[in-house]
Amino acid sequence: MPKSNRRDRSITYASAINEATRQLMAQDDSVFVLGIGVDDPRGIYGTTSNLSSEFGQDRVVNMPLAEDAITGIASGSSMAGMRPIVVHERMDFMLLAMNQLINVAAKSHYMYGGAVKVPMVVRSIIGRSWGQGAQHSQALHSFFMHIPGLKVIAPTTPHDAKGALVASVRDDNPVIFVEHRMLHNYKGQVPENLYEVPFGKARVLRTGGDITIVGISHAMVECIRAAKSLAAASISAEVIDPISLSPIDVQTICESVEKTGNLLIVDNGWTPCGASAEIMSLVIENVQRQDKVKMKRMGFEFVTSPTSKILEDLYYPDSRRIAKNAYDLIMGKKTDWEPDVQESPEIDEFKGPF
Amino acid sequence: MKNKNINLNSIELINNLYKSIYRIRTIEEKIALIYPTDQIKSPVHLSIGQEAVTVGACAALVETDIVFGTYRGHSLYLAKGGDLKGMMAELYGKSTGVAGGKGGSMHLIDTSRGVMGMSAVVATTIPQAAGYAYAFKLRKQKNIVVSFFGDGATEEGVFHETLNFAALKKLPMIFVCENNQYAVLSHQSERQSSSNITERASVYGMHSEKIDQNDAQAIYEKINWARNQIVEKGEGPIFFECMTERYREHVGPNERDDIKTRSAEINDPLEQLSKLVSYDFKEGVSKEVDLELNEAIDFADKSSFPSNDTLYQDVYA
Ligand SMILES: Cc1ncc(C[n+]2csc(CCOP(=O)(O)OP(=O)(O)O)c2C)c(N)n1
Ligand SMILES: [Mg+2]
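Just so you know, the sequences run in chain order U and S.
Counting from -2, one number per residue, gives the positions in the first sequence under the working numbering.
Counting from 12, one number per residue, gives the positions in the second sequence under the working numbering.
No lab work stands behind these hints, which were simulated from the structure alone.
Hints are supplied without guarantee of correctness; some may be wrong.
[Said to hold, decoys possible] Have a look at the derived ranges for each label pair, beta carbon to beta carbon:
{"id": "1", "chain 1": "U", "residue 1": "182", "chain 2": "S", "residue 2": "23", "range": "53 to 59 Å"}
{"id": "2", "chain 1": "S", "residue 1": "171", "chain 2": "U", "residue 2": "201", "range": "48 to 54 Å"}
{"id": "3", "chain 1": "U", "residue 1": "100", "chain 2": "S", "residue 2": "180", "range": "23 to 29 Å"}
{"id": "4", "chain 1": "S", "residue 1": "316", "chain 2": "U", "residue 2": "340", "range": "20 to 26 Å"}
{"id": "5", "chain 1": "U", "residue 1": "204", "chain 2": "S", "residue 2": "142", "range": "52 to 58 Å"}
{"id": "6", "chain 1": "U", "residue 1": "95", "chain 2": "S", "residue 2": "282", "range": "44 to 50 Å"}
{"id": "7", "chain 1": "S", "residue 1": "181", "chain 2": "U", "residue 2": "281", "range": "56 to 62 Å"}
{"id": "8", "chain 1": "U", "residue 1": "77", "chain 2": "S", "residue 2": "282", "range": "49 to 55 Å"}
{"id": "9", "chain 1": "S", "residue 1": "232", "chain 2": "U", "residue 2": "95", "range": "41 to 47 Å"}
{"id": "10", "chain 1": "U", "residue 1": "113", "chain 2": "S", "residue 2": "232", "range": "54 to 60 Å"}
{"id": "11", "chain 1": "S", "residue 1": "171", "chain 2": "U", "residue 2": "333", "range": "57 to 63 Å"}
{"id": "12", "chain 1": "S", "residue 1": "142", "chain 2": "U", "residue 2": "143", "range": "25 to 31 Å"}
[What the hints assert, rightly or not] Straight-line alpha carbon distances no greater than 27 Å define the calculated DSS-like cross-link-like pairs of lysine-lysine that follow:
{"id": "13", "chain 1": "S", "residue 1": "96", "chain 2": "U", "residue 2": "348"}
{"id": "14", "chain 1": "U", "residue 1": "184", "chain 2": "S", "residue 2": "52"}
{"id": "15", "chain 1": "S", "residue 1": "41", "chain 2": "U", "residue 2": "306"}
{"id": "16", "chain 1": "S", "residue 1": "52", "chain 2": "U", "residue 2": "348"}
For every residue, glycine included, the Cβ atom is placed at its ideal position computed from N, Cα and C.
Using the sequences plus the hints, can you model the full thing?
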């Protein structure tokens, strides 16, 4: 039954995920959630809260600490027609599941000649807050973009989080669904009904004519802030959120670059062999414009994530450095322009304990 | 090599165990007090209530023996002799920290005291401990490695893979499972079909024992015995499951709200020893620890933050 569909309702990213899961589970009894701690009172930052009381512990399964097995159990159940949603509190823990994910789940449909489908979703959360360090704040979406058979989606707004999760669960392939902890508390308009945000379609979050800025996951939030600083210097930035990383909507990005002639890609991750490298290559291969397009990319500094706040602040691209890079790219040289300071409350006001 | 504690009479032993547990408890309680001031911008996993396991075990080791542990590592680090100033500075994210401010509470290390790095990913140091023990074996070095991990870690595949290898190669190592019955908020019974961790270890073909009392003295005696079996007779590996209890939340400074219902059969390790130690000794320890701790905090406080260029240092060796 379609419920009333208020469009003016503002909820958090975490609530949007929770709501999508609840509605999907209510609609389709093949959908179930499994992962370490999914039914505990903290409910994975609220994204799985109250689901076990509504659907029972057979469909919201608190798992033993066994990431590779969890992944295989999910893919096996999906071959039997279930639609599992695996949840990892940190993306880093997916590294323990690479065999089942990449050697098995990603390949099953193809290597068995289409005889089986593996419709599973793996949700994971990039753990940056502060002091999470080497093993609790990695952003590994680019790894998965490298693998045929996997889809990768990294929504940044509450609206897209809900819609992308719906599309992911309904998709017949293994999907890597990338969240960022610093996005979970963001509020935005989220329709009450079930709707899909499709794979392979980017969203232009802000229009502009001077530079195209592509931001991935939480880096998008900093890009929007940078666009505000740039606007104060009379530079209009077009900000694009790819949402879907594999497949990726190169057309929307190229159309923007045709118009602006400048491209800055800001990844929430390392740049070498990463999403930013892929996007830049695709633009070079596909852009129609004959004159030179100036391009630059930014991401985490190419080191292991340090814990000391002072080093952390250097490690992550922030809105000031994004604005400055955009400005200098347009000017074609290093300038001493200083952007307005934009606050990053989710980072600056964060307090532990975790 | 001679084990420094073998000839300790029991009063000296009890005094040492008391002092070590008192010291670690005091330090961790202080960390919990400091935590809300936001000077420690990194998650802390406290061992308050569990100290008997690492303190009892490390009392039976020599400095050149090696320990590997987890993110819940303050107690192990300190029990094995890790430098307190370097630890506090690391928690404060300072350049003088044991990892130069790059590791934080979850990645303590002091190789000069045989404390190998702690890891934030559950069960990852278990095979590393076996690898280190394999090196000891190849070099015929008369040392042992002790691997510390939680009850949750025994669910990971790598735990079983390592036990099999360690038993196969008769490695000079001791496995110590600190069973506090919880992985974050999940009780062992929600995660394991039976609570027989000790039995599961024994089927790999190693001596396995459960120690129930949360008592540093009992743990010391067992580990001391095990170390001798391994070093003198080549009878490794050996497995211990130590029942214990964590009083604080999984992470952070707060007390567990279910703590009042905590199992009565688990004793507080400090209370147990406190009854056996003289008033004068306790007074002396209290003063000494206060002084040491204040100095360490002062050191952490006054140390400088890492300089910008250190961000790019140590990416490669
Ligand atoms: C491989 C992996 N999976 C999940 C986590 C998240 N996590 C951190 S601690 C923990 C519980 C571990 O319990 P246990 O091994 O009993 O150690 P304890 O915290 O009780 O000392 C979990 C699930 C992790 N850090 N690493
Ligand atoms: Mg435990």
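Hint check:
{"no.": "1", "hint": "U:182 x S:23: 53 to 59 Å", "result": "54 Å, holds"}
{"no.": "2", "hint": "S:171 x U:201: 48 to 54 Å", "result": "51 Å, holds"}
{"no.": "3", "hint": "U:100 x S:180: 23 to 29 Å", "result": "28 Å, holds"}
{"no.": "4", "hint": "S:316 x U:340: 20 to 26 Å", "result": "22 Å, holds"}
{"no.": "5", "hint": "U:204 x S:142: 52 to 58 Å", "result": "56 Å, holds"}
{"no.": "6", "hint": "U:95 x S:282: 44 to 50 Å", "result": "46 Å, holds"}
{"no.": "7", "hint": "S:181 x U:281: 56 to 62 Å", "result": "58 Å, holds"}
{"no.": "8", "hint": "U:77 x S:282: 49 to 55 Å", "result": "53 Å, holds"}
{"no.": "9", "hint": "S:232 x U:95: 41 to 47 Å", "result": "43 Å, holds"}
{"no.": "10", "hint": "U:113 x S:232: 54 to 60 Å", "result": "56 Å, holds"}
{"no.": "11", "hint": "S:171 x U:333: 57 to 63 Å", "result": "60 Å, holds"}
{"no.": "12", "hint": "S:142 x U:143: 25 to 31 Å", "result": "29 Å, holds"}
{"no.": "13", "hint": "S:96 x U:348", "result": "24 Å, holds"}
{"no.": "14", "hint": "U:184 x S:52", "result": "26 Å, holds"}
{"no.": "15", "hint": "S:41 x U:306", "result": "21 Å, holds"}
{"no.": "16", "hint": "S:52 x U:348", "result": "8 Å, holds"}
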